[in-house]
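Enquirer: Here are the chains, one letter per residue:
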Amino acid sequence: MGDAEVIPIGTRGRPGRGTGKQRPSEAARGLAPGAARRTPPAKPAPRAPETPPAEARVTSLPGVQEEPQRAATTTVERSGLGGLPVGDLMSAFRYAAVEVFGDDWEPRLALFLAFMRRRVTGEYAVDEYGFDADLTERFFMAALRPIAEKWFRIEVRGAENIPTSGGALVVSNHSGTVPMDGLMTMVAIHDATGRFLRPLGADLVFKMPIVSSVARKGGATLACNEDAERMLSGGELVGVWPEGFKGIGKPYADRYKLQRFGRGGFVSAALRTGVPIIPLSVVGAEEIYPLIGNVPALARLLGVPYLPITPLFPLLGPLGLIPLPSKWLIEFGEPIRTDELDPGAADDPMLVFNVTDQVRETIQQTLYSLLMQRKSVFG
Amino acid sequence: MGRVGGRVVLVTGVSRDLGRRCARELANDPSIDRVIGVDVVPPRGDIGRVSFIRADIRNPVIAKVIVKEDVDTVVHMSVIATPGALGSRTPMKELNVIGSMQLLAACQVAPRLEHLIVKSTTTVYGSSSRDPAMFTEDMSAKRQPTAGYAKDAVEVESYVRGFARRRPDVRVTLLRAANVLGPSVDSPIASYFRLPVVPSVLGFDPRLQFLHDSDLMAVLQHAVLHDVPGTFNIAGDGILMLSQAIRRLGRPVLPLPSFAVSRVGSVIRQAKVADFSPEQLAFLTYGRGVDTTAMRDVLGFEPAYTTAEAFADFAASLHPGFNASERVLSGLSRTLVGAQNGSDHG
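Just so you know, the protein sequences line up as chains A and B, in that order.
First residue of the first sequence? That's 1 in my numbering, and the numbers climb one at a time after it.
First residue of the second sequence? That's 1 in my numbering, and the numbers climb one at a time after it.
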């Protein structure tokens, strides 16, 4: 590469205006004497690095099209493949890989590629609810973890109350206009125990496009007795938010006031399957999208339970969708055992109401004590 | 019961591929003396030792056949999902509903009848956003099917239940089969997956269950030979998501909003490329899963193929698609792993 290279200027001795085209223009061909004969030469003219003599110019003309290398001015001819800085590219790639995957980038990159291959070939398994553990662990959790750790700075307390195996029912308060608390609880539980929380979602979730398919892949299923009991007896860690839309869509003024706990269906599911109920209190989710208004007419038109107005949404448009960075405290309470009760306890409405109230009171009291401990909303 | 001869089985709907194969395999069973195939048109393929009687189940003549041939077992396979050779929906509905009524009426007056096996379908559970993840046999559809094959199947099942009440001495087994798939199966879902570009409903990823056609044959035979009454869901183990299934085929997917899918579906239907029925749209939006615990524990049947294996067997019969992204990734991982090994040693 050290040799000086002749950079041809002009037409390289062929008729034409040096446009770089393979084929001279009609007018240029007419200028060349003998062009009308169009007899190919007996053998291809040898490649000449310098400007060929005038005779060669004329005779080699009809052969121009058969020789693509003889393009007048192309960068390929001048630099060639040998000029590619392969070494530089490889080291740049290596630096980038170390930057993205860390020092052990090679096995991690191989793992990542294996994951991508599984995704495009469909060679992964889903369970009967459509839960895709591979995707959830490697994509959803990885995407949500920075939000949980950096944005909301979640502090988890009482993680030892989550059983490490077997079925259990996590019952949580619900707030925040958008069910962000559910997602954050999933990340917190997965990082604390390595188990996946299987949320029970309202039927609206499974009616909405995109949301429905993401929810099923993330492990959610419909909040109905059949599915709850099926999951609990299958030994899953199931999450419910019994306040539902009443809790998540309540005005900011009512923050941290628990709403009615549905009809207690979650308690009877736990009683029937004999799994413990773990009360969970989440502080911080109320402030991410403070709900100061609602457009009921438009909400009815769209078929959603409420249409939120927050201080930033819709005022700032899509920017208003960024949640406020409140500080979160989440506390798992002592498990409430249900396996000591009679098998017929689930059919005793009084008992079901009592257990529901017990769970509700525990969560409410924990919410108050967590609020006392929190220095400020964004602290 | 003191029957002198061997068993005589009558199979309806033998002009269709699955009915014909079922009859032929039953005829090969040593414990069955005689198999009679009944249909309006003669079967096209080989029926082996099956004796074919050309009779219309929509006609009272079927009662005479049952009595005269001394039939003790009726296998009803004539509830069809697609009009096929019948041409349109009206004769299909007539065959499904009126045919089943006539057949059951004939069965009711047949004194020697002991067993009735009806092949139904899991589409009786419908498909909606409010469905539980897995349907057990005692659940019913959250949204009753209002048209097409699913409605026919629901009606046929109600007639079968009525028959079971009126003839408690006859053992009635109702088999609700999931979507049947196999290399030679021609069904709406099979022709859907055979499309070169597979349309899907944007934003929805239904859960699917399949039953291999050889397993359908096996379970029908099992039900004929084992005296287990009741209703059973029949499906292969496990679940495939639609997106996963299409990826395993290596075919391009075309996500469209649901109204556009139904439009495309009717075009496909008219072009006779695939029978893309409107009631399939709900299935391709919300999917369906059925619980097969009773099939294992009560009926005592174990399918040989899981859902994924049945689908793989079906996919192997198709021309593989050009899965560009898979090729790029496998090439990339080969190069990188090669480079990695090279750099380790060098």
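Hint data in this document are derived by calculation from the structure and do not stem from the laboratory.
Treat the hints with caution; some may be incorrect.
Here are the computed distance ranges between Cβ atoms for each label pair [as the list claims (entries may be wrong)]:
1) A:155 / B:259: 19 to 29 Å
2) A:110 / B:253: 25 to 35 Å
3) A:110 / B:237: 26 to 36 Å
4) B:262 / A:108: 36 to 46 Å
5) A:100 / B:256: 33 to 43 Å
6) A:365 / B:227: 57 to 67 Å
7) B:293 / A:108: 53 to 63 Å
8) A:100 / B:259: 39 to 49 Å
9) B:259 / A:296: 43 to 53 Å
10) A:134 / B:61: 53 to 63 Å
11) A:358 / B:318: 32 to 42 Å
12) A:315 / B:296: 55 to 65 Å
13) A:339 / B:86: 54 to 64 Å
Heads up, simulated DSS-like pairs for lysine-lysine below, C-alpha to C-alpha not over 27 Å straight-line [unchecked claim]:
14) A:257 / A:246
15) A:375 / A:327
16) A:207 / B:64
17) A:246 / B:93
18) A:207 / B:93
19) B:64 / B:93
20) A:207 / A:150
21) B:151 / B:93
22) A:207 / A:327
What the simulated footprint calls covered on chain A by chain B, stretch by stretch (three residues with Cβ under 8 Å from a Cβ of chain B suffice, anywhere in the stretch; the number is not a length) [what the hints assert, rightly or not]:
23) 111 to 119
24) 249 to 261
Yeah, the Cβ is synthetic: ideal placement off N, Cα and C, and Gly gets one too.
Enquirer: Now look at each hint and say whether the structure bears it out.
Expert: Evaluated hints:
Between residue 155 of chain A and residue 259 of chain B the beta carbon distance is about 47 Å. The supplied range of 19 to 29 Å is therefore violated. Taking 25 to 35 Å as the suggested C-beta distance range, the pair residue 110 of chain A and residue 253 of chain B conforms, at roughly 27 Å. Checked against the hint of 26 to 36 Å, the pair residue 110 of chain A and residue 237 of chain B passes, with Cβ atoms roughly 31 Å apart. With their beta carbons about 45 Å apart, residue 262 of chain B and residue 108 of chain A fall inside the hinted range of 36 to 46 Å.
Separation of residue 100 of chain A from residue 256 of chain B is about 35 Å and conforms to the stated range, judged on CB atoms against 33 to 43 Å. With their beta carbons about 60 Å apart, residue 365 of chain A and residue 227 of chain B fall inside the hinted range of 57 to 67 Å. For the pair residue 293 of chain B and residue 108 of chain A, the supplied restraint of 53 to 63 Å is violated, since their beta-carbon distance comes to about 41 Å. Judged by the Cβ atoms, the range 39 to 49 Å given for residue 100 of chain A and residue 259 of chain B holds: they are separated by roughly 42 Å.
Checked against the hint of 43 to 53 Å, the pair residue 259 of chain B and residue 296 of chain A fails, with Cβ atoms roughly 27 Å apart. A hinted range of 53 to 63 Å holds for the C-beta pair residue 134 of chain A and residue 61 of chain B, which are about 58 Å apart. One distance hint, 32 to 42 Å for the beta-carbon pair residue 358 of chain A and residue 318 of chain B, is violated here, with the actual separation near 57 Å. In this structure the hint that residue 315 of chain A and residue 296 of chain B lie 55 to 65 Å apart at CB holds, the actual value being about 58 Å.
For the pair residue 339 of chain A and residue 86 of chain B, the beta carbons lie near 57 Å from each other, so the given range of 54 to 64 Å is met. For the hint pairing residue 257 of chain A with residue 246 of chain A, the CA-to-CA distance comes to about 11 Å; that is within 27 Å, so the pair holds. Annotation: proposed proximity of residue 375 of chain A to residue 327 of chain A holds, straight-line Cα distance about 9 Å (limit 27 Å). Straight-line distance between C-alpha atoms of residue 207 of chain A and residue 64 of chain B comes to about 51 Å, which puts the hinted pair past the 27 Å bound.
The straight-line distance between the Cα atoms of residue 246 of chain A and residue 93 of chain B is roughly 46 Å, outside the 27 Å bound, and the hint therefore fails. Taken as a hint, the residue 207 of chain A and residue 93 of chain B pair is broken in the structure, with Cα atoms around 31 Å apart against an allowance of 27 Å. A C-alpha spacing of about 24 Å is found between residue 64 of chain B and residue 93 of chain B, which places the hinted pair at or below 27 Å, so the restraint holds. For the given pair, residue 207 of chain A sits about 32 Å from residue 150 of chain A by alpha-carbon distance, which is inconsistent with the 27 Å threshold.
Distance check on the hinted pair: residue 151 of chain B and residue 93 of chain B sit about 9 Å apart at the alpha-carbon level, within 27 Å; holds. Distance check on the hinted pair: residue 207 of chain A and residue 327 of chain A sit about 32 Å apart at the alpha-carbon level, beyond 27 Å; violated. Figure legend: the segment 111 to 119 of chain A, annotated as covered by chain B; annotation consistent (5 residues with Cβ-Cβ distances under 8 Å, at least 3 required). Residues of the segment 249 to 261 of chain A with a Cβ under 8 Å from some Cβ of chain B number 0, which does not satisfy the need for three, so the listed coverage is violated.
Comparing the model with each earlier hint shows violations of hints 1, 7, 9, 11, 16, 17, 18, 20, 22 and 24; every other hint is respected.
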